Each structure stands twice: as structure tokens, then as C-alpha cells.
Amino acid sequence: MEIKVLGPGCPKCQATEKNVKEAVAESGLDAQVDKVTDIMEIARYGVFGTPAVVIDGKVKCVGKIPEKQEIMTWIEK
Amino acid sequence: MSQDCCTSNENVMILACSGGSNVGQLSNRAAVELTQEGFGKMYCLAGIGGHLSGFVQSTKDVPQMVAIDGCSVGCARAILDHAEVPIKNYLVVTDVGIEKKHELNLEEEDVQKVKEAIKEVCNKEQPVIPIAETGRSICCG
Numbered sequence: 003m004e005i006k007v008l009g010p011g012c013p014k015c016q017a018t019e020k021n022v023k024e025a026v027a028e029s030g031l032d033a034q035v036d037k038v039t040d041i042m043e044i045a046r047y048g049v050f051g052t053p054a055v056v057i058d059g060k061v062k063c064v065g066k067i068p069e070k071q072e073i074m075t076w077i078e079k
Numbered sequence: 081m082s083q084d085c086c087t088s089n090e091n092v093m094i095l096a097c098s099g100g101s102n103v104g105q106l107s108n109r110a111a112v113e114l115t116q117e118g119f120g121k122m123y124c125l126a127g128i129g130g131h132l133s134g135f136v137q138s139t140k141d142v143p144q145m146v147a148i149d150g151c152s153v154g155c156a157r158a159i160l161d162h163a164e165v166p167i168k169n170y171l172v173v174t175d176v177g178i179e180k181k182h183e184l185n186l187e188e189e190d191v192q193k194v195k196e197a198i199k200e201v202c203n204k205e206q207p208v209i210p211i212a213e214t215g216r217s218i219c220c221g
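Heads up: the protein sequence lines correspond to chains F and C, in order. FYI, in our numbering the residues of the first sequence are 3 to 79. FYI, in our numbering the residues of the second sequence are 81 to 221.
Worth flagging that the hints you see were computed from the coordinates, not collected in a lab. Some hints here could point you the wrong way.
As the list claims (entries may be wrong) - Taking lysine-lysine and the DSSO-like style, the derived pairs with C-alpha atoms no more than 27 Å apart in a straight line are: (1) C:Lys168 to F:Lys23; (2) C:Lys195 to F:Lys60; (3) F:Lys23 to F:Lys70.
Said to hold, decoys possible - Only part of the chain C face toward chain F is listed, based on derived beta-carbon distances under 8 Å: (4) Tyr123; (5) Leu132; (6) Ser133.
Predicted model, so just to flag it, every value in this text is computed and none were measured. C-beta: ideal position from N, C-alpha, C; glycine also.
Just chain F, with the same shape it has in the complex (with noise of 0.2 Å):
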């Protein structure tokens, strides 16, 4: 599984990628968690805003920090 985060640094971008982290780890599954800073990278995604989460190619949430909950409802499926 490849997740990406994507946002170019704030505290918002910064929390979304630490619970991508937790959930993770918590959830025991193998998935490489890669953070996407590069604007123009990000805009290729199409998102309105950021932070956003990708999984596998498909976007999961834009412009909000998804709850860890959240998170592993998308990975566990």
C-alpha cells in the first residue's frame, strides 16, 4: 500500500502526516507513507487544497486533518 501525504509543510500538513503515521503503525499493515511537499507534484493530484491524503492513487481527504479513525477505515478496507 502506498499512502502520500500531500502539503508543503504547515502544522496542518504536519499533523496529517503524523495520524497517516499512527494509524499505520497502529493497523500493522505494510504501507509506505511518503510526504509530498512539491507544489507542482501537489498540483498533478488536482486537489483544491492541502493537506491532503492519497491512498494508492486515490485522494481520501482535502483541505482537513483526518482523525486517526478516519484513516484506518481507509487502509483497513
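Knowing the structure of chain F, use the given hints to seat chain C on it.
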């Protein structure tokens, strides 16, 4: 990079049908001008129509949005319905008294009329603070 640069919640997402008639193009022109004036941010209805996840999810997650159709055929509404995106605010240009014609020459008076109607529809739901007045920068999205 700013410590508080992720300000997407302050953007009113503006989705215009941008169709091939005067009213379709009025929706487009109004969306462009409202974006340039800092009222909101025009976004790609085509991306939602193509079911691209970044566009669909962004539209689902944005707190404030307005969809503008030129006429009662309702293409923008249909696209959003098809992508299962709830429509928060909605305007049909012909409903403000502008007749649909298959020509693309726009009257400035009509552009202003549509812009005012969009602002009214958005403010009815929840007051919109123009981005220009928030004093915050926007570097994301």
C-alpha cells in the same frame, strides 16, 4: 514556507457550467471575475465530470461551494449528482432574468448581474468573507 499556508477552508469553490451559449459563458465569466476579485476560487468542473479523485474529493470536502448553471438543462448539477457530490449553493443564470441565446457576446451589465446573484446565493447560506479581506496568504491547492 508559511506556517499557516493551508487555507482552503476560506475559499468558496466556484463551479461554472461554462457552456456554449451566452448564459453558459456568463457563468464562466462571472466565475473568473469573482476569482480575480478574491471572492472565491474557480475550480474544474471537467475534472469532476471525469471522476478524477482529487477533484471529486476536493468538492466533497470543501465547506463552501457554489455551482452555476447557465440554463435549466442543469449540466453542472448533473455532473455533481453523477459524482455524488452534495450541492451546497446553486444558481441558474436564466433564473435571474437573462434569456438564453446561442451567441457568445456578453453584456457587461449581465456579467455584473450574475456576479451579484452568485454572491447573494452564497451569503444566504453562510456569509462569505472575501479572501482579499482575510489578510492571509493562499499557497496551497
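Do the hints match the structure? See the list:
1. C:Lys168 to F:Lys23: violated (33 Å)
2. C:Lys195 to F:Lys60: Outside the cut-off at roughly 34 Å; violated.
3. F:Lys23 to F:Lys70: holds (9 Å)
4. Tyr123: Holds, because the Cβ-Cβ distance from C:Tyr123 to chain F comes to roughly 6 Å (cut-off 8 Å).
5. Leu132: Hint on C:Leu132: holds, closest Cβ of chain F at ~6 Å, below 8 Å.
6. Ser133: This hint holds: C:Ser133 lies near chain F, its Cβ roughly 4 Å from the closest one there, short of 8 Å.
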